[in-house]
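Chains A and B are the protein sequences, given in the same order.
Start counting the first sequence at 1; every next residue gets the next number (the working numbering).
Start counting the second sequence at 1; every next residue gets the next number (the working numbering).
Hints in this document: simulated from the structure, not taken from any laboratory.
For clarity, every value in this text was computed on a predicted model and none was experimentally measured.
Worth double-checking, as some hints may not be accurate.
To be verified - Straight-line C-alpha distance at most 25 angstroms; calculated DMTMM-like pairs for lysine to aspartate or glutamate:
#1 B/Lys52 <-> A/Glu210
#2 A/Lys67 <-> A/Glu299
#3 B/Lys46 <-> A/Glu210
#4 A/Lys67 <-> B/Glu33
#5 B/Lys46 <-> A/Asp150
#6 B/Lys46 <-> A/Asp240
#7 B/Lys11 <-> A/Asp150
#8 B/Lys11 <-> A/Asp63
Said to hold, decoys possible - Derived, one-sided and incomplete: chain A residues facing chain B with beta-carbon distance under 7 angstroms:
#9 Ile46
#10 Phe49
#11 Ile132
#12 Thr133
#13 Ser136
#14 Thr139
#15 Met141
#16 Gln144
#17 Arg145
#18 Val146
#19 Pro148
#20 Gln170
#21 Gln216
Cβ atoms here follow ideal geometry from the backbone N, Cα and C, with glycine treated the same way.
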Amino acid sequence: MTRFQVLVVGAGPAGLAAAIEAATAGATVLVIDENSAPGGQLFKQIHKFFGSSAHYAGIRGLDIGRKMLDEAQARGVEIWLDSTVWGLFADNHVAVIRNERSMLIEAEKVILATGAYENALSFPGWTLPGVITAGSLQTMMNVQRVLPADRMLMVGAGNIGLIVSYQAMQAGMDVVAVIEARDRIGGYAVHAAKIRRYGVPILTSHTISEAHGAGQVESATLVQLDERFLAIEGTERQIDVDMICLAVGLTPMAELAWMAGCQFVYVPEAGGHVPIHDENMETTVPGLYVAGDITGIEEANTAIDEGRLAGIAAAQALGYCSAAEASGRKALVCERLDELRLGEINRTRRTVQEILQAQSSGVRQELSDVSPQCGRSEIR
Amino acid sequence: MRVVDHPILGKLAQDRTVTITVDGRVLEAIPGETILATLLAHGIRKCRTTEKRHEPRWFFCGIGRCTDCVMTVDGVPNVRTCVTMVREGMVVETQTGLGEDGGGGS
Numbered sequence: 001m002t003r004f005q006v007l008v009v010g011a012g013p014a015g016l017a018a019a020i021e022a023a024t025a026g027a028t029v030l031v032i033d034e035n036s037a038p039g040g041q042l043f044k045q046i047h048k049f050f051g052s053s054a055h056y057a058g059i060r061g062l063d064i065g066r067k068m069l070d071e072a073q074a075r076g077v078e079i080w081l082d083s084t085v086w087g088l089f090a091d092n093h094v095a096v097i098r099n100e101r102s103m104l105i106e107a108e109k110v111i112l113a114t115g116a117y118e119n120a121l122s123f124p125g126w127t128l129p130g131v132i133t134a135g136s137l138q139t140m141m142n143v144q145r146v147l148p149a150d151r152m153l154m155v156g157a158g159n160i161g162l163i164v165s166y167q168a169m170q171a172g173m174d175v176v177a178v179i180e181a182r183d184r185i186g187g188y189a190v191h192a193a194k195i196r197r198y199g200v201p202i203l204t205s206h207t208i209s210e211a212h213g214a215g216q217v218e219s220a221t222l223v224q225l226d227e228r229f230l231a232i233e234g235t236e237r238q239i240d241v242d243m244i245c246l247a248v249g250l251t252p253m254a255e256l257a258w259m260a261g262c263q264f265v266y267v268p269e270a271g272g273h274v275p276i277h278d279e280n281m282e283t284t285v286p287g288l289y290v291a292g293d294i295t296g297i298e299e300a301n302t303a304i305d306e307g308r309l310a311g312i313a314a315a316q317a318l319g320y321c322s323a324a325e326a327s328g329r330k331a332l333v334c335e336r337l338d339e340l341r342l343g344e345i346n347r348t349r350r351t352v353q354e355i356l357q358a359q360s361s362g363v364r365q366e367l368s369d370v371s372p373q374c375g376r377s378e379i380r
Numbered sequence: 001m002r003v004v005d006h007p008i009l010g011k012l013a014q015d016r017t018v019t020i021t022v023d024g025r026v027l028e029a030i031p032g033e034t035i036l037a038t039l040l041a042h043g044i045r046k047c048r049t050t051e052k053r054h055e056p057r058w059f060f061c062g063i064g065r066c067t068d069c070v071m072t073v074d075g076v077p078n079v080r081t082c083v084t085m086v087r088e089g090m091v092v093e094t095q096t097g098l099g100e101d102g103g104g105g106s
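Chain B on its own, in the form it takes in the complex:
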């Protein structure tokens, strides 16, 4: 959910938008926000499943250090969605394991 009205930060500017595709779903995003922010705005609570135990992972540190939130973006696996900005037409996919060219098979 987006924080549209904020007592300190004021109203959220939503006049410009782009669209990205997440697992086939077309989602509205705000230019300048991260892929993760778009996911959160649309209530998506999973970025990937782990290699060995196939457990779901979302985000943890939010500043690009922990790599929990990596997804496959435009075919490239292991992209940190918390520090990667959205771009018009971006194709984002939930990642399985290490991703297709992640060296460990998917």
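Just chain A, same shape as in the assembly:
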């Protein structure tokens, strides 16, 4: 059986950051990703990032992806692309399909950085060709360099809806409107301002009630919502669009954590069920760590820092750095994470992470009550 000290699932920002930290400390690291290119969603992000210099602020997502990739390779991280992890069994035995063959890999520590998938929204006509997700549009115009349509409606005024609408205009599309079911814009004002300056209306308290067209999207019916999110009769209006883009949230991709037997908690603000983890990003399954959107939906910069935490913790558990050294490095990362999680929108996320960690100490308490051997003293 092939053996690695650290196996990271997912070569996005969280996974690459974890791999860089663990490899820098001295561990042998393998990163596996089912896509044919590493970087996760970073290469679709052509806008500049926020945060501090440690978060590559002012640098475009695709350039961050290149930097991280270069660094991982310089540190000797092995990356397997077009390879799918389909199983996670006892003792960190990881089942992988690579080159159409299945194999088992044994890892001392496994870090899940699998990311998230985009939510769908169903309404009459939603299966028509032309209804797609916002991330999908980003992939087509920013990576593949093709435009799927001419005139689009964006559903959702969170950061993704706003940023992708602006990017669609940069790529040459006509954005007819952005609609948002809530009574306020969810994303940052700076992103909203960018598209408002071009005269694109952002209609809050509005949703789509139907997509119309013969064989493909030709128009959409919008309707205004009351404070209980119910459609207000008589406010329907039809707009001509040939594409409807959905930016209605993401769900953590946690199948492998479920399979491994991690304990979960349901946190709506985090995007659904998320594995409970401690301050080291370790789940309730010893030796299994999580980082990035699988721990609750956030952004690339927080994913990078969570990945760093998991990488440092895994290296420490393997004996590659002393407790003092590790806690110093972790404290630095945590300080930055706290900074990122300030502000009205991000404070919710900080609360989510606090809930997860509180759950984790509760679980550990229960475990040590039942059997002292179950207590994981090395991470206390």
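Starting from the structure of chain A, add chain B where the hints point.
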């Protein structure tokens, strides 16, 4: 339509091309792009029809998860065109239902 000039990404490199056949039509493709990208560049808005209701489907998630965009490629059904790169001489066909050896008849 291709995004030839982009304010951030610059000019699209189109010096190398390959050709693929889609439902008998010979289409120019750029090496390294996905089959779906070639379809989009040529304005094709359908990948398959569904098994039961025979409804058209195109793409949805664009990252290989939803399987809306599957087509028959070189005789193999259910190939995800959004994550499969083009190759010179590839033969792509609009898929009907589950495809010929998809287990459900076509």
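We went through each hint and held it up to the structure:
1. Between B/Lys52 and A/Glu210 the alpha-carbon distance is near 22 angstroms, which keeps this suggested pair within the 25 angstroms criterion.
2. Between A/Lys67 and A/Glu299 the CA atoms are separated by roughly 18 angstroms; this keeps the pair inside 25 angstroms, and the hint holds.
3. Restraint check: the Cα-Cα separation between B/Lys46 and A/Glu210 comes to about 20 angstroms, which is no more than 25 angstroms; the hinted pair holds.
4. Distance check on the hinted pair: A/Lys67 and B/Glu33 sit about 23 angstroms apart at the alpha-carbon level, within 25 angstroms; holds.
5. Between B/Lys46 and A/Asp150 the alpha-carbon distance is near 16 angstroms, which keeps this suggested pair within the 25 angstroms criterion.
6. With a C-alpha separation of about 20 angstroms, the suggested pair B/Lys46 and A/Asp240 falls inside the 25 angstroms cut-off, and the hint holds.
7. Using a Cα cut-off of 25 angstroms, the hinted pair B/Lys11 and A/Asp150 holds, with the two alpha carbons roughly 20 angstroms apart.
8. Annotation: proposed proximity of B/Lys11 to A/Asp63 holds, straight-line Cα distance about 17 angstroms (limit 25 angstroms).
9. Proximity of A/Ile46 to chain B holds as hinted, the smallest CB-CB distance being about 5 angstroms (cut-off 7 angstroms).
10. With a cut of 7 angstroms, the hint placing A/Phe49 at the interface with chain B is violated, because the nearest CB-to-CB distance is about 14 angstroms.
11. Because the closest C-beta pair between A/Ile132 and chain B is about 5 angstroms apart, less than 7 angstroms, the hint holds.
12. Checking A/Thr133 against chain B: minimum C-beta separation of about 5 angstroms stays under 7 angstroms; hint holds.
13. At about 3 angstroms, the closest approach between the beta carbon of A/Ser136 and any beta carbon in chain B falls short of 7 angstroms, and the interface hint on this residue holds.
14. A hinted interface residue such as A/Thr139 counts as satisfied when its beta carbon comes closer than 7 angstroms to some beta carbon of chain B; here the least separation is about 4 angstroms, so the hint holds.
15. Against a cut-off of 7 angstroms between C-beta atoms, the interface hint on A/Met141 holds, since the closest Cβ of chain B lies about 6 angstroms away.
16. Taken as an interface hint, A/Gln144 checks out: its beta carbon lies about 4 angstroms from the nearest beta carbon of chain B, inside 7 angstroms.
17. The interface hint given for A/Arg145 is met, as the beta carbon of that residue sits about 5 angstroms from the closest beta carbon of chain B, less than 7 angstroms.
18. Interface hint status for A/Val146: upheld, as the beta-carbon distance to the closest one in chain B is roughly 4 angstroms, under 7 angstroms.
19. The criterion of a C-beta within 7 angstroms of any C-beta in chain B is met by A/Pro148, whose closest approach is roughly 5 angstroms, and the hint holds.
20. Annotation: interface hint on A/Gln170 holds; nearest CB of chain B at approximately 5 angstroms, less than 7 angstroms.
21. The interface hint given for A/Gln216 holds, since its Cβ lies 5 angstroms from the closest Cβ of chain B, which is under the 7 angstroms cut-off.
Hint violations for this structure: number 10 only, all remaining hints satisfied.
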